[in-house]
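There are 4 protein chains.
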Amino acid sequence: MKAVRVHAYHEDPTIDDIPEPKLSGPLDVIIKVGGAGVCRTDLHIINGDWSEAMGPELPYVIGHENAGWVHEIGDGVTNVAVGDTVILHPQPSCGLCLACRAGKDMQCENAFFPGLSNNDGGMAEYLRTTARACVKLNPDTNPADVAALADAGITAYHAVRKAVPQLYPGTTAVVQGAGGLGHIGIQSLAAITATRIIVVDRNPDALALAEQLGADETVLADGTHIDAVKDLTNGKGADVVFDFVAEQGAELDAWAMTAPAGYQYVIGYGGEFKAPTLDFVAGEKNVIGNIVGTYNDLAELMVLAQAGKVTLHTRQYPLGSALEAIHDLDAGRVRGRAILVP
Amino acid sequence: MKAVRVHAYHEDPTIDDIPEPKLSGPLDVIIKVGGAGVCRTDLHIINGDWSEAMGPELPYVIGHENAGWVHEIGDGVTNVAVGDTVILHPQPSCGLCLACRAGKDMQCENAFFPGLSNNDGGMAEYLRTTARACVKLNPDTNPADVAALADAGITAYHAVRKAVPQLYPGTTAVVQGAGGLGHIGIQSLAAITATRIIVVDRNPDALALAEQLGADETVLADGTHIDAVKDLTNGKGADVVFDFVAEQGAELDAWAMTAPAGYQYVIGYGGEFKAPTLDFVAGEKNVIGNIVGTYNDLAELMVLAQAGKVTLHTRQYPLGSALEAIHDLDAGRVRGRAILVP
Amino acid sequence: MKAVRVHAYHEDPTIDDIPEPKLSGPLDVIIKVGGAGVCRTDLHIINGDWSEAMGPELPYVIGHENAGWVHEIGDGVTNVAVGDTVILHPQPSCGLCLACRAGKDMQCENAFFPGLSNNDGGMAEYLRTTARACVKLNPDTNPADVAALADAGITAYHAVRKAVPQLYPGTTAVVQGAGGLGHIGIQSLAAITATRIIVVDRNPDALALAEQLGADETVLADGTHIDAVKDLTNGKGADVVFDFVAEQGAELDAWAMTAPAGYQYVIGYGGEFKAPTLDFVAGEKNVIGNIVGTYNDLAELMVLAQAGKVTLHTRQYPLGSALEAIHDLDAGRVRGRAILVP
Amino acid sequence: MKAVRVHAYHEDPTIDDIPEPKLSGPLDVIIKVGGAGVCRTDLHIINGDWSEAMGPELPYVIGHENAGWVHEIGDGVTNVAVGDTVILHPQPSCGLCLACRAGKDMQCENAFFPGLSNNDGGMAEYLRTTARACVKLNPDTNPADVAALADAGITAYHAVRKAVPQLYPGTTAVVQGAGGLGHIGIQSLAAITATRIIVVDRNPDALALAEQLGADETVLADGTHIDAVKDLTNGKGADVVFDFVAEQGAELDAWAMTAPAGYQYVIGYGGEFKAPTLDFVAGEKNVIGNIVGTYNDLAELMVLAQAGKVTLHTRQYPLGSALEAIHDLDAGRVRGRAILVP
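Residue numbers (my numbering), protein chains in the order written: chain A, 1 to 342; chain B, 1001 to 1342; chain C, 2001 to 2342; chain D, 3001 to 3342.
Looking at chain A on its own, in the form it has when it is part of the complex (with noise of 0.2 Å):
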């Protein structure tokens, strides 16, 4: 079959001819995939900055978002049968730990991450999960429709989620992002609550698109905005901050942001945030750490999605284009989300 593989970092990876996938294990899984996203976390693993933390063998097939068609399963497998439509949780979990028993999967002691970890991922024809990975579909979805569901919106929603106590009427929330995972925010905070949305970004485009997506306020982050944002709030800051890109100072502006007992979520990474011990005292406020989702957010998510009330804009490649999707979205031509299809 046709993948995707990194041979060396800082190189283009190559679209090689492999084996299909063989079931491994009782519980194993093999997807037919129909959508597979190309996010900027694959960037990161092509220029090697994952090879510490996760420490794949080279060459191997990329790709950790992804849905499809169930191909084979192994004789343990009982909540899918092949033939199904699925979107795939990210990282399969043992179902056996504390964590998983309490329904923390990202916490699983025995987890993988194919396409992270040194385990094939999904830009590929054909894929090997677990059936805890799989989330059933409604047999007429277009894998390549929600595929973008599997990772940036379940850690959008997975956060939004998370901050549904602190979010009840009258509270504000700020977006500091309107990217992918905000748009998918943005509408998870309209979908299940009625906070007050105030989205900050510095590009005035995708600040209009988020008024369309639920924003009630939006605020151009152009150095101002952290007075912008107090001016909003009587002086106070927002209940929480979503703080989707966590890098460049942004972290740091999350903090000023935040109201007095408030929660900062940090989504996104890069940066590196500071604050003196008597602001956590004297505020009585909270930095709050997310990763990714549980299988029941993204079962939650689809529910959401199936129902029209969280969309993302796509735009598909033929799986033989994927550097040429690769390169785009390295170069910030990619509105919305990549998506390669069979």
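Hints were generated in silico from the structure; no laboratory data involved.
For glycine and all other residues, C-beta sits at the position ideal for the given N, C-alpha and C.
The reader is advised that the hints may include incorrect statements.
[What the hints assert, rightly or not] In silico lysine-lysine, DSSO-like type, Cα no more than 27 Å apart, as pairs:
| no. | chain 1 | residue 1 | chain 2 | residue 2 |
| --- | --- | --- | --- | --- |
| 1 | D | K3104 | A | K236 |
| 2 | C | K2136 | C | K2104 |
| 3 | A | K162 | D | K3022 |
| 4 | B | K1136 | D | K3162 |
| 5 | D | K3236 | A | K274 |
[Unchecked claim] So these bits of chain C aren't anywhere near chain B, every CB distance computed over 12 Å:
| no. | residue |
| --- | --- |
| 6 | K2032 |
| 7 | A2208 |
| 8 | K2230 |
| 9 | N2290 |
| 10 | E2324 |
Could you slot chains B, C and D onto chain A? The hints should help.
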């Protein structure tokens, strides 16, 4: 192997010689039973009280409160190895449905209940369960010492654990019924909260023991007990009433002892609860159902047990004397829990 | 001033000329009434149904659902000033007991309930309340437009607000009873959750309106409604059933429509709830009491109202036509809420 | 009356003879001080560290940790009477803003902080506070015995109380810094949770005392303490780290000792926290701010104290020897807490 089987309702089970259970799927685990609790529910089963709800084909092996050693594992089992000492969650779950994925094991859509549903239980030399039911113990634990925690223990602990947010210092909890489950409830309350514990029972000896286990106050259930509880609580009643009896009117006493904005936890069963809907409104009072507990509840309880914070008086009988144990229980001759041992 | 007073139970109130209320303590506030809702509870008061529980001395002024303008304040009042437009929490609380300090206003140990307890209510030109009952509104709000939210609104919203953690995407809520409270319940659910909303009522017109307000499905309560709800929920029932009726058997229907591990919220009253304790255990189901709501519930609801997310059909009557309003309500001739205006 | 006043920063306070405070509003309460704690924050005040944030006019009376007897009350005060024994929440709140109404006393929009903000504190014979600051005690309580719980105690308890949902059996908590606050933190943890408690401190004597107070493990902070904590936690770190130091690098050690999905509670202050945003993402870790506590926290802590579950070593000084107490504290000669008495 020897096994205690029910052949007909309203008749004594018999001790039969039957084949050992075999692995039937990749997640199956065969346990060499080291301790099998004899529970009041077993008496109900023998009386046919569960025949309609559970519908097992007779004959079958009873026993749903088990601990032992791993004897054989399916090829998908990764959390235990042959020889491990384990206690068993009574209801193996699928790990794949939304309930399982949220940590709500008892709401699993595909669960079974060996010894209760149409599956052989643990009053035998060997038992078939699954990987998701196995909680690993210190190797030197004697299964017979902890088996009673597998059902009686988890059930009491689960209710207490759910009530923790309601039981901060200054609150009062009533434990109604200081039998096997009640004893574990009292100890669990003392271990994980600082609430004031009032124990209500008809038996003065049970109350005396309750004081040793952590009760702050004891009240004899002699018809004046509702007033006594109100006197101890400024006329209000308790913030939480754990009703381990829930029959013969105790379920109504529990409601009368529950303070405004308080919670009645139903754990026992047999009676009929009733109250004017106005009671729920005027007092903003609540009734909370409880069944067994989660896998993690059992794991947490084992932490308390291995730290000596929760103990249970047991009396051991050889497996071959199972009928004697059943008759002793039926006649009220067992203090604590009867445990069958190999 | 003019005031609607009950002189004897089972007799029409009369419109009397009585002295205006005076400040009696430093936290008192005198309100010039701008809107006073006529509630089914007023009919109950006139019938003497509350005489024992509340024990007011007759004659007294009824009316417990009020909004208006601040007319005079005690010397300890700092949150409102003369001339402010306000809606009133129906039960002024002390702010000093442990319940108040935890935000549980309805469990205040020192509260009173003007128009219900032994204190004059708001069907009058002026009303005495306290600082802790006043929620400040935009100055241009017409009190008559929002008065119905002071009791009917807060009550419905409070129940919905408590259920938010149980109503994530993919869940189902049943609203039983699509009258005044039910309408606000439906709108609140649509505003602050993405749950699927099924509305059950005996009146096809009420169901038609419910669809406009946000119902996803409607079910005619014609005797087949329990089955209909089960059919819509894979045989399970709803995760939360809000019972705004709670009499004439509806309280038992609600239980039958509640899924395993689900919650029945009792908001209406009049009937008797009953169920085997085994039901609570086997299904791990719960019954939750609800009464009015907190000050912050009312403040949050006003945010939704001022954003246009919650509205209520009202019909205004001059204060002098109070008896007409009461008779219309009693005869079922009021759609939405009757409001007395100056 | 005698009072300890700061006249100029960086200079010793003086003991002055000044007029007794008078009631200024209907909710005011005048307290005859029975015990006034001397806190490290008083040293900071004397050094001018709080002059900018709090801006008091000099001279003023310091002392923000007080208990005593009610001496005089305003005409709106209903919760205490003259002669009552009380401990004082350090920050009187308004009871009217949304934060107060949600039980978040420290976020009150209209609060003041006697002895810290521009209001005279309690190192004096009499102190003016308000009704909402008074927690009533058993009449025979000696205020000097409990005064230290009014600030040091509530602060430690508040952090522990917030962490209860994260500290179920099987979890581990680290207490970093076993001084006055840490001691109360350890005892609170032992009283209201069954978590395993690891105490980290630079002082072996403090660790020895910690063991008596409930520590399960102690670790000397000698540079190897991060590794030691990891060794005690299977390499993961603790589920919650309570950082009572939060300066001189301890705030970074705390982060390194926090497990994935864990929480660092910042209680001390002085240092600068910093971490890559990737740390928050990859580990889904959190930092939680904490300041003093709520009125109900103090009431709960008094329940624990009166049950003997939380105690604090104190050393009494006559009010006239306040400077000696301050100098002893500054020189590290006070074990536990210095308390000024009449």
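Distance rule for C:K2032, whose beta carbon must clear each one in chain B by more than 12 Å: At about 31 Å from chain B, C:K2032 clears the 12 Å cut-off, so the statement holds.
Starting from A:K162, check that the Cα of D:K3022 is at most 27 Å away, please. violated, 48 Å
Holds or violated: is the Cβ of C:N2290 farther than 12 Å from all Cβ atoms of chain B? violated, 6 Å
Straight-line Cα separation of C:K2136 and C:K2104 no greater than 27 Å? holds, 20 Å
Check the hint pairing D:K3104 with A:K236 against an upper bound of 27 Å on the C-alpha distance. holds, 16 Å
Measure nothing beyond the straight line between the CA atoms of B:K1136 and D:K3162; if it is 27 Å or shorter, mark the hint as holding. violated, 31 Å
Say whether it holds or is violated: C:K2230 keeps its Cβ farther than 12 Å from all Cβ of chain B. holds, 16 Å
Taking only the CA atoms, is the gap from D:K3236 to A:K274 under or equal to 27 Å? At roughly 23 Å apart (the allowed maximum being 27 Å), A:K274 and D:K3236 satisfy the hint.
Minimum Cβ-Cβ distance from C:A2208 to chain B exceeds 12 Å: holds, 27 Å
Does C:E2324 sit more than 12 Å from chain B, CB to CB? holds, 29 Å
Consistency with the previously given hints fails for numbers 3, 4, 9, ordered from lowest to highest.
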